[in-house]
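Using the sequences and the accompanying hints, generate a full structural model.
Number of protein chains: 2
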Amino acid sequence: MKSDIQICRDTTLTPIEQIAEQAGILPDDLSPQGSLKAKVKPSILNRLSDRKEGKLVLVTAITPTPLGEGKTVTTIGLAQGLAKINQSVMACIRQPSMGPVFGVKGGAAGGGYSQVAPMEKLNLHLTGDIHAVSAAHNLAAAALDARIYHEQRHGYDAFEEKTGLKALRIDINRISWKRVMDHNDRALRMITVGNNEPGKTINGIAREDGFDISAASELMAILALSKDLKDMRQRIGRTVMAYNLDGKPVTAEDLKVAGAMAVTMCEAIEPTLMQTLEGVPTLIHAGPFANIAHGNSSVIADRIALKLSDFTITEGGFGSDMGFEKACNIKAQQADRGPDCAVVVATLRGLKANSGLYDLRPGQALPEAIFAPDEQALQAGFANLKWHIRNAAKYGIPVVVAINRFPQDTDAELTQLKAMVEAEEFGCHVDVAISEAFGKGGEGAIELANAVVKACETPAQFKPLYNLEQTLEEKLMTVAEVGYGGRGIELSELAKNQLAELKALGHDNLAVCMAKTPLSISHDPSLKGAPTDFTIPIRELKLCAGAGFIYALCGNVMTMPGLPERPAFMEMDIDEDGNITGLS
Amino acid sequence: MKSDIQICRDTTLTPIEQIAEQAGILPDDLSPQGSLKAKVKPSILNRLSDRKEGKLVLVTAITPTPLGEGKTVTTIGLAQGLAKINQSVMACIRQPSMGPVFGVKGGAAGGGYSQVAPMEKLNLHLTGDIHAVSAAHNLAAAALDARIYHEQRHGYDAFEEKTGLKALRIDINRISWKRVMDHNDRALRMITVGNNEPGKTINGIAREDGFDISAASELMAILALSKDLKDMRQRIGRTVMAYNLDGKPVTAEDLKVAGAMAVTMCEAIEPTLMQTLEGVPTLIHAGPFANIAHGNSSVIADRIALKLSDFTITEGGFGSDMGFEKACNIKAQQADRGPDCAVVVATLRGLKANSGLYDLRPGQALPEAIFAPDEQALQAGFANLKWHIRNAAKYGIPVVVAINRFPQDTDAELTQLKAMVEAEEFGCHVDVAISEAFGKGGEGAIELANAVVKACETPAQFKPLYNLEQTLEEKLMTVAEVGYGGRGIELSELAKNQLAELKALGHDNLAVCMAKTPLSISHDPSLKGAPTDFTIPIRELKLCAGAGFIYALCGNVMTMPGLPERPAFMEMDIDEDGNITGLS
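Chains as they are written, first to last, in numbering that gives the first Met the number 0: chain D, 0 to 583; chain F, 0 to 583.
Derived from the structure by calculation, the hints contain no laboratory data.
It is possible that some hints are incorrect.
No copy is singled out in the list; a pair is fine if it fits within one copy or between any two copies.
Unchecked claim - Under the rule of at most 35 Å between Cα atoms (straight-line distance), these lysine-lysine pairs were calculated in the DSBU-like manner:
hint	residue 1	residue 2
1	K255	K177
2	K165	K1
3	K247	K1
4	K229	K1
5	K199	K385
6	K247	K541
7	K306	K165
8	K306	K229
9	K161	K1
10	K226	K165
11	K247	K83
12	K247	K199
13	K199	K177
14	K177	K541
15	K453	K255
16	K439	K541
17	K226	K1
18	K51	K83
19	K541	K255
20	K199	K495
21	K83	K165
22	K1	K255
23	K417	K502
24	K439	K199
25	K462	K502
Quick look at the structure:
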């Protein structure tokens, strides 16, 4: 089979204005960026306010291997499959970070014959939204260090007299706003900033700092959760950058930088319209992580797609314990709109990886044996799929399992897995289809598309697991017990103190976002399948007052990846005509 | 008078496709980015290869005050003035950095009725080229630290065995590639990267590092100097990131990251078409500093404009000792195309500031008195203007002085200055005009436009000050003696050793780029007017093998600005309809 970029290049794409027109987006709603991508103005929602919304289909997955189970392939493939059976459909996905593109993972445009195109535009810069997020984030960081420097250099009273500004008296040991960069750059994880030549203090006040990858910026979560520009501006103002010497939060508004941050992000709030290889209109917007953030594309993009089409296909990061849980409990509650149907992507290799019978090591290639038929491993790993089906059903919505076929998979084993799902009693609407979206595009996803249409015929009874009115501790417990099926939570002393402080600051009504490994339903990546005997240890809580959640660190969560020995960038090049090679 | 952003917003702009069409840019050459900006594909040069080139007019200035003397206003105003007298004209300017926009200086779109529009697009992100430069630059930095980390972690032999790559054995004390960010962030000037928790080595090898502002990246200079994509790709490959333990250079090619860097910059190589307030087509491209780099917009943009119009108006950063000198000796030699005419911008306040009679302090506002008539100061400062006229004439081209009128200036004093220029004997073509481009747009620059047309009637005899075949030391001496009129250069021990090393590495044929203060013709900002009694001290030489020059540090040159106590960003905000306020 041809490489992803080759398939993409060999496909004749439709001018984006035409894609827009077919989707019902008028020229006034559109700001073309070249011939194959266009910004869609959120003001389109005013024009469409009277329209009925379509169905929101949320694609999730079993507990994934580090290589992923083909969720984006299935999302795009399903959208193409729906188009094949003449349904009106749009897809909504996140913008890929360039870090993984140059690192190990490669692009995130889907793959094979189910891709968003042109994949090299999607994977690199796109329309600059991630750059805008980084710029706004780092402006605030520069503002913070400059303010500390000037206040300490002049002294608080003299600073106030000179500037007419109130001294913020920032505690340099309690700064919560790091810097960000859209690269895998491990050397920036822990840094010292504000160093000076001996005897001078012209570069600021030295302190420990670090960079996260841009997808981990709270501004990325804000971009994805904002209803409109006004909402985004207000959320930015609420972000907490540090605490002062009295322990009170110092916000972007306090630094008088929130307006400029919103100015910096004012085009980023417009989703980008692209197309799949089969011409299905696709909105790309925001790219928050699915651990320290909620891991789903934007509320604004969903809303636009729901108004324009009968089916909106979107996806949450990692397995249903991660992005899907957060889509239901964080995003859906803030957007006041839950999903109508869940699609759980399963693969033979992924279920076998969940059997506990293979020696899988993080950062290592999967063993070859995992791709060959293995009845015992499949049976053992099936527990994981059952868990994710039941997990999705918990939220009151029908479930369709999409078995995503990989080239090495045998018909016999695929059929067997399908039969295993069909034989199981779930007590709710569960359907299953084999998807060949990677190898066959929309044609390979017709069975899946039909199953999704059927699932959406019954109105969903979506409900989140908790209400925002519950206390933070209750919400954390609910996710651990009801969400993961574990035995509860164990708070560190630090976390207990932080809970008390957050309550005192009036943040008990925020949502909770579990920052845990995606490689297990629990907090422990070695617990495969469907573990139940675990208690989630909560080491630390972090406030994202602008995004509207606190996140709870359960184990080590890496917010700045590193480059491997042979990074993907080594294969990339461009010829004198602008043809890019080596991108996958 | 209305504010810049207000004037801009009150002007009805023309759709960019129409601007392009009027300029002779076909739809196939164009990639619109929204309705008011568009990328122009460099392949247009193939189509236009048979066309005759127009005249290249290079706008420069007297020794500026830190606030600038209105060079961009004059550049845009002159272009509008030429259009008013029915000449075919385009302007070419650099893309502003966001750092100064949020810091002290504000935007760089010109001002008043001579602006590039929309000014908020130009000043923020534009089409993302600076972000692309930053991303490519920082990718290389991440690649460098990752390589050091992996080689040291495994040991050189084990690294080679594991990866099949040759160990680069990088000397971590000789790393020349810093990181960059497009913000004024002084805390990042001197940092330590690769810090680790005690006893761990998972974040890399700790070392001293720092960030420059993105305009200071060698990639920015490369973008501005490249002839085409192939040239840019090759130049990127030649950039030197570090030296190995044997003292040999380690390039981007050695790191196998040059291809991915070029991929990252493949859209940045396309200039962006915008318009002035009066609809003159303007190409925006690249934004190199005028001290550690050559400070002029791109060769590609110039070339396109020269093919499309009879007059191309461009500008060099700072005074004629800085951007103009580098335009003539670095850019013109690499592009094989020199300017046909120099426009020297002078202001009453700028000449008085050069009198030495005012107590001017860096970072402080200009004293009010400088705006009132002051015969003595004007006479004393006039020496500076005469110097810059003679300096431009040295290169064999006609000179037009543009006296840029500020609102406070009196007719009497402006007329007096004009008469002073007219009374002086220069022995070459020198003309003078008062420009009211700020207050009156093109109408206010008709006198100037006529003078420029007249100056261009005689074919120019452009020649640079040195040939690339001379030694580096000869070239440095030539710029100091012939270029600045000083007594020569004084090399530090370090610089002497570096000269020998550069020669040994085969770099004696590169151009030289003086990194000195713009606030004096000499290296010493306190020497105003037209000093002659100075020797340029050269502290250190830096190799920019990709850009094709070495730069010589003459005194302290700041490559990462800082934010002041009350930065410009504090005034900026955006309302719910997307209207931006506080940008100037």
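Status of each hint after checking the structure:
In this assembly of identical chains, K255 and K177 lie within 35 Å of each other by CA distance both inside one copy and across copies; the values are 18 Å within and 30 Å between. Taking the closest pair of Cα atoms, K165 and K1 come within 35 Å of each other only across two copies (31 Å); inside a single copy the shortest separation is 62 Å, beyond that limit. Taking CA atoms no more than 35 Å apart as the test, K247 paired with K1 passes in neither setting, with 57 Å inside one copy and 41 Å between copies. Taking the shortest Cα distances, K229 and K1 sit within 35 Å of each other only across copies (27 Å), while inside one copy they are farther apart (46 Å).
For a Cα distance limit of 35 Å, the shortest separation of K199 from K385 qualifies neither inside one copy, at 63 Å, nor across copies, at 40 Å. In this assembly of identical chains, K247 and K541 lie within 35 Å of each other by CA distance solely inside one copy; the values are 15 Å within and 47 Å between copies. With identical chains, the CA atoms of K306 and K165 are never at most 35 Å apart, being 46 Å at best within one copy and 56 Å at best between copies. Taking the shortest alpha-carbon separations for K306 and K229, only the intra-copy value of 21 Å comes in at or below 35 Å, while the best inter-copy value is 46 Å.
In this assembly of identical chains, K161 and K1 lie within 35 Å of each other by CA distance solely across copies; the values are 29 Å between and 66 Å within a copy. Proximity of K226 and K165 under a CA criterion of 35 Å is satisfied intra-copy only: 32 Å inside one chain copy versus 52 Å between copies. For the homomeric pair K247 and K83, neither the shortest alpha-carbon distance inside one copy (56 Å) nor that between copies (59 Å) is at most 35 Å. Taking the closest pair of Cα atoms, K247 and K199 come within 35 Å of each other both inside a single copy (31 Å) and across two copies (34 Å).
Taking the closest pair of Cα atoms, K199 and K177 come within 35 Å of each other both inside a single copy (24 Å) and across two copies (21 Å). Proximity of K177 to K541 under the C-alpha cut-off of 35 Å is found in both arrangements, the shortest distances being 13 Å within a copy and 31 Å between copies. For a Cα distance limit of 35 Å, the shortest separation of K453 from K255 qualifies neither inside one copy, at 52 Å, nor across copies, at 51 Å. With identical chains, the CA atoms of K439 and K541 are never at most 35 Å apart, being 44 Å at best within one copy and 55 Å at best between copies.
Taking the shortest Cα distances, K226 and K1 sit within 35 Å of each other only across copies (34 Å), while inside one copy they are farther apart (41 Å). When the C-alpha separation of K51 and K83 is checked against a cutoff of 35 Å, the pair qualifies only within one copy, where the shortest distance is 23 Å, while the shortest distance between copies is 54 Å. Taking the shortest alpha-carbon separations for K541 and K255, only the intra-copy value of 23 Å comes in at or below 35 Å, while the best inter-copy value is 39 Å. For the homomeric pair K199 and K495, the shortest alpha-carbon distance between copies (28 Å) is at most 35 Å, but the shortest distance inside one copy (41 Å) is not.
Taking the closest pair of Cα atoms, K83 and K165 never come within 35 Å of each other, the shortest separation being 62 Å inside a single copy and 51 Å across copies. With identical chains, the CA atoms of K1 and K255 are at most 35 Å apart between copies only, with a shortest distance of 25 Å across copies and 52 Å within one. When the C-alpha separation of K417 and K502 is checked against a cutoff of 35 Å, the pair qualifies neither within a copy, at 48 Å, nor between copies, at 71 Å. Taking the closest pair of Cα atoms, K439 and K199 never come within 35 Å of each other, the shortest separation being 65 Å inside a single copy and 47 Å across copies.
Taking identical chains as interchangeable, the C-alpha atoms of K462 and K502 lie at most 35 Å apart only when both belong to the same chain, with a minimum of 25 Å there against 73 Å between chains.
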